[in-house]
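Residue numbers (my numbering), protein chains in the order written: chain F, 1 to 113; chain Z, 1 to 111.
There could be a bad hint or two in this list.
Claimed, not checked - Listed next, the stretches of chain Z that the computed footprint assigns to chain F, with coverage defined by at least 3 CB atoms under 8 Å from CB atoms of chain F:
#1 41-47
#2 103-110
What the hints assert, rightly or not - Facing chain F, from chain Z, some residues (calculated, C-beta under 7 Å):
#3 Phe90
#4 Asn98
#5 Thr99
What the hints assert, rightly or not - In silico negatives: residues of chain F with every beta carbon more than 12 Å from chain Z:
#6 Ser54
#7 Thr110
#8 Ile111
The set of hints was computed from the structure by calculation and includes no laboratory data. Even for Gly, the Cβ is constructed at its ideal location relative to N, Cα and C.
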Amino acid sequence: QQQVRQSPQSLTVWEGETAILNCSYEDSTFNYFPWYQQFPGEGPALLISIRSVSDKKEDGRFTIFFNKREKKLSLHITDSQPGDSATYFCAASKDYGNEKITFGAGTKLTIKP
Amino acid sequence: EAAVTQSPRNKVTVTGGNVTLSCRQTNSHNYMYWYRQDTGHGLRLIHYSYGAGNLQIGDVPDGYKATRTTQEDFFLLLELASPSQTSLYFCASSETENTLYFGAGTRLSVL
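So here's chain Z without its partners, still in its complex pose (with noise of 0.2 Å):
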């Protein structure tokens, strides 16, 4: 079963602030998402990459940043964290049958 871990699991921090939320999968997968959760808005995704170096745009990529820098590691950055990121962040990976496989998760508190 596919291995995705998060850290850390919970942060926060002030507005303004500086945040790098950090995903390693183990098992080989290309695809690797970032999703934020919030009630009644699902799970909506902020980025995306298809292997290192490489980045997509996912539907609400403002205000963050992503990088992909080997096949396992994906990071999510939020330089000027404002009030309005706090959420549940998770990460996914996929290989191309389109199972996605998520993490528990990274709540994010930004005061």
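One chain only, chain F, in its complex shape (with noise of 0.2 Å):
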């Protein structure tokens, strides 16, 4: 059973439209759930987080939402650029001092000029 789940796999949308990635997860003692990048080639890096006391974080153009009953958060960037194409990991743990990291599957993210 997967206990982070991403969808949808591969999402395109246009430069300067805002693209959404979702992602749900079983376990609700998770909470922390940081959101990886990868570019192909290369390894993932982190480019953003949030703690389950949150809803919102932002950091420039990404955003996460972060919904605790229902056990749902999703990535939102805004006025998406073609430099944004990658894949993009949602992942959870469940305490904020190193334990291990459950990633999900994966959205592969393209945007087209």
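With the hints as a guide, bring both chains together as one complex.
Structure representation (structure tokens):
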């Protein structure tokens, strides 16, 4: 059973639009949710993260919306740029202090100019 | 910024072969991890370590051994490689902030 689920598997949006990537999880004890961004040929890198005490986290054009009751979160990328084309992984862990992190299967995002 | 170096970058072996993947981090992080990445599965944790001599079992450990010889070096061993172990392997390190720093990956093909 996959603990962290992402949808859609792939997403294409036009430059300037808002891309919305979805994530849900099973374990209600998860309390830390990082998103990782991966470009082809590279390892993933931390993009933005949120803890379960918050319902929103912004960093420039990237915003996480978090719904603890429904065990869902989403990553919104506003004013999408071709350079945002990458695979995005939603992840979750139980403790802030470095318990193992569980990753979703990823969403491949393509931004068309 | 954390530096994690994996070698080799590409490896081809035959079924039943013996393979060692290497990882070195130069930021004095205590935690190191081995993940495999497969389409449709994302990143799955194989083994991880809290420090030299320590080893923890991850979520998909079957067919893999690992050894942490120093704080810097973490090795993944496939002693009898099988085609199901064809994958992209990532090493990562972290401190307590839960931010993983990944290497560039090793692509392994088992024929």
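Hint check:
| no. | hint | result |
| --- | --- | --- |
| 1 | 41-47 | holds (count 5) |
| 2 | 103-110 | holds (count 3) |
| 3 | Phe90 | holds, 5 Å |
| 4 | Asn98 | holds, 5 Å |
| 5 | Thr99 | holds, 5 Å |
| 6 | Ser54 | holds, 15 Å |
| 7 | Thr110 | holds, 16 Å |
| 8 | Ile111 | holds, 21 Å |
In terms of the numbered hints stated before, the structure departs from none.
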